Each structure stands twice: as structure tokens, then as C-alpha cells.
Amino acid sequence: MDLVLLHDDIKDLQFEVKEGETFRLNIANFKEFKPCKIEINVRKNAIFEGAFADLSHGSGKATIIVHLDEGACCDWHLASIGANDDRKVFDTSVFHDEPKSKALMSNYGITRDHGRLSFSGVSEIKKYARGSATRQEAKIIIFDPTSVGKAAPILNIDENDVAASHSASCGKLNEDHIFYLLSRGLSLAEARRLLTLGYLKPVVNYFFDESLREQVDKAIEEGV
Amino acid sequence: MSKLKIENLHVAVGDKEILHGVNLSLEEGETLALLGPNGHGKSTLLAAIMGNPSFTVTEGKILLDDVDVLSLPVDERSKAGLFLAMQNPAEIPGVNSADFLKAAMNARRETPMKLFQFYGALQTAYKEMGIPFEMSNRNLNEGFSGGEKKKNEILQMKLLQPKFAMLDEIDSGLDVDAMQVVAAAIREEQAKGRGFLVISHYARLYEMIHPTRAAVMVNGRIAVEGGPEIISRIDTTGYEWIRDELGIEIEKPVADQPMNKVSIGACATRVGLEGK
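Line by line, the protein sequences give chains F and W. Sequential numbering from -16 applies to the first sequence in this note's numbering. Sequential numbering from 2 applies to the second sequence in this note's numbering.
If you're looking for bench data, these hints aren't it; they were derived computationally from the structure. Given the structure is predicted, the values throughout are model-derived calculations rather than measurements. Keep in mind that the hints are not guaranteed to be accurate.
[Unchecked claim] Covered by chain W, according to a simulated footprint, are these stretches of chain F (three or more residues, beta-carbon under 8 Å): (1) 48 to 60; (2) 164 to 173.
[Claimed, not checked] Below are the EDC-like pairs computed for lysine to aspartate or glutamate, each with C-alpha atoms no more than 20 Å apart in a straight line: (3) Lys201/F - Asp100/W; (4) Lys128/W - Glu60/W; (5) Lys80/W - Asp52/F.
All C-beta atoms, glycine included, are put in the ideal place defined by N, C-alpha and C.
Throw the hints in and build the complete structure from the sequences for me.
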């Protein structure tokens, strides 16, 4: 099943992905931020692929909770811009309830002009969920001294024989990267634009609808 | 004919002075081999000429014809005709190589290149450098081998057509075939009258590109300047003769690169408050 949630469609929702099925969820918001709590229960050997392009304005919390049964997979990608006094929190958690389940939770964002952006979330491998693999990534680029970013991906591991990792970074654009681009004649603005697009744009690849993909692409260009 | 002139250049990293008054000049059409023991300031000189913000010029001048290079931001130095092939080119995630090259080529033009014109130039350059064209669709230097990164630097030099190209150990990480390709590309640009400032520890590259002059940097200064015969002398006998003949004691290396800034945080938790 494929589903697109746009703007006002974004709210508290629950989904169940039946055994062996694939559920692709694309969420895009270019308007006002919509707080939400979305729960997805992924049954045996089922796949959940989620992508969220948050280019909205406003404040609030978006919670994503994924439960994985045996052999289930979760692939989650978020790109968000927090600007102009936005206060946004994204809490993306995945629970490996059964063995051999796999998950990637990947959250990328930029914050500028008094924006605040927070990525949190727990990747939890429960007792008996042997052979599971999980990863939480949270990366935020902070553009100016008025902005704040917080990245706190958490791992809770209750079983041996699993693979689990998390990474977090928060900070300015890499100065070596900027110097490299400037040394080839790109202006500082162009260098920053290219680097930031490189940060946010990969989410576009996970949008299955061609016209929405173009809209997201354009919104990221404009947002940067 | 353009001229790059460095006068009494002092460069520091933080509080530590690395270059203590370098004088050097280079004209278009010349290839100057810059030699010297590790850690004596060769890379620092090239980085300072390009404007790497990790290095502070505390005294002296760099002139490109009558333009004061030190007054120019990095991108303007590039557009004025300076190019630095870096020793360790940065891997830049998310930035597509072709998009980057197009931006770099357009940066030095009044009107943007037409797409077919750009792709034509790109295909030719990739072919000449022996790099598969598919790599133009990869992220810049990301996952490239050491040799691929170096060839990619020379590819950029070919496309950007600088007046003066500074090559910092371009031969490190290159296999024999790649070395031939890189040397051929350098010779081609030499024939067009470009100026080269080339750092290498090995005579092999120099034998392939025939420098017109050589200079040796010791203790953050140019200790000797002369003809290309200096290269073979160093290749066979090392740097001891500089101490013996010129009475210059070769100091222990000073650090070329500053430490990376360290961010602190609990395991995998980062809070950034820039400027606070």
C-alpha cells in the first residue's frame, strides 16, 4: 500500500502493515506545522518505508512510533527546516518486538533565524528479539547564533546477538567543505546552498509520486 | 604574462608561526618544484596562498600581478586564476560532482554555460583523465579512492583553467598508470603556458613534468633556489647538504595542520548553540 499525507492530512493516525506486505508512507508539509502521533505496527516479514519532508512553519511535536514483528523492516527518512521562531520536535522511535527485525531511523535538519529543532527517539531491541539490527541517525546543521539544534538518538538494547548503532551531530557546516568549494570559485552563499541541499535533498529519493517528488525538491530549494 | 609574487610571508596557526618570511616568485609558463623535509611549511604556503582560514597571514604580501591576493576572499582568488589541488581533498556528502563542477565553471563566466556545452567539456575531461563518466553523478570525492581523488583534482584544474596551479603532493596515492595520466594532463597545461607550483617528495613526478626551477623550504623559509638539478641532488643525497654547505640546521618538524575543533556531548547526544 502507498499513502501520501499532505498538510491537513497529518494528524494522529495508526496503521497496521499485514504479514508480508509493504507500506510506503510519504508525508509532506509546506504549510503550517501539524503536531501528530503516528503509530505503525509492522507484522511478520512486512516492510514499512516512511519519508517525511517537513518544510512547514510553526511549532509542535511530531511523534512516530514503529513496532516491528519478526523479520519486519522499517526504513525512515526525515528532512526538516526549523526557521523563523519555529519550535519543532521530532520523536521517532522504533521497537524491535520480535527477532530478526531491521530498522533505520534517519533524521536530517537545518535550523536558522531563531529556529529550534530537536530530534529524539528511541531504538529499542526487546528481550528475545535476537538477530535484529537497528540504527538511529540525527543530524542538524545550525546556521546562525540565534538558532538551536538538539539531536539525541537513544538505543535501548535488551538482547545479545544484535547490531545497533546511533549517531548524532549538531553544528555549523564543515569549514573544510566550505573552503574546498570556495577554492573552486563558488561564492559563500552558493557553497552553503549546495552543502545544505546535499544534506536535505536525499529525502526526495524516497518519495514515490513523481509530482510530489518535484514539489518537495522545489520546496527544499526554496527553503534553503 | 602574469606573475605570482610572495614577499616576506609570515603565516601562523593559532599562536604558532610556521612560515617565517617566505620570498618566492613564479611566472606563467614556469614550473617551480617546491621541496623540503616534512613539516617545514610547504603545504602551509600553498594553503595560505589559496586562503585557507585555518592559517593566518601575520606579515608579508602575496601579489598576483598588481592584485593584492591577501585582500581577496577565497572564491575571488580562485576566479583571479589561482588553483590548489589539495593533498587530502575533502569528501563532500550530498554534493553531486557534476552540479559542483557546473557551479564552479559558471562562477567565472558572465553568462552560464549552455548545458550541451557543459556536458561536452565534462565528457572530454573525464575521458582524458581516464575517469568513468558515471562518476560525475557521484557525490564529490565521497567514497573515491586516494588515486581517484587526485585525478579528480586535476580534472578540475583542466576545467577551471587557472593561471597558476598549485599541486600539493598530487602524486601521493597514484599508481603508475594514474601517474602517467596526471603527468600528461600537467604537460598539456604547461604547453598552454600555465604556471605550476608543485610539491612532491619524489623525483619521479618531476622527471615527467620537467620543472623549470626548484626551491627548497627548510624551517619555514626558502633555503635554496635554483635549477632543476636540485631535485636530483635531493633525490640521491637527501637534505643533509643544506646543513653542511649552507649551515642551516634542519629543525624538527612543526605541525602543519591545526587540531580539529572538538565538540563535546554525552554519547551520541549533541546540542549546538553556535556562538555561545
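For each hint, the structure was consulted:
Evaluation of the coverage hint for the region 48 to 60 of chain F: breached, as 0 residues show C-beta separations to chain W shorter than 8 Å, against a requirement of three. For the region 164 to 173 of chain F, the stated coverage by chain W holds: 9 residues have a C-beta nearer than 8 Å to a C-beta of that chain, and at least 3 were required. Between the alpha carbons of Lys201/F and Asp100/W the distance comes to roughly 16 Å, so the proposed pair stays at or under 20 Å and holds. Distance hint between Lys128/W and Glu60/W is unfulfilled; the C-alpha atoms sit about 43 Å from each other, more than 20 Å.
For the given pair, Lys80/W sits about 57 Å from Asp52/F by alpha-carbon distance, which is inconsistent with the 20 Å threshold.
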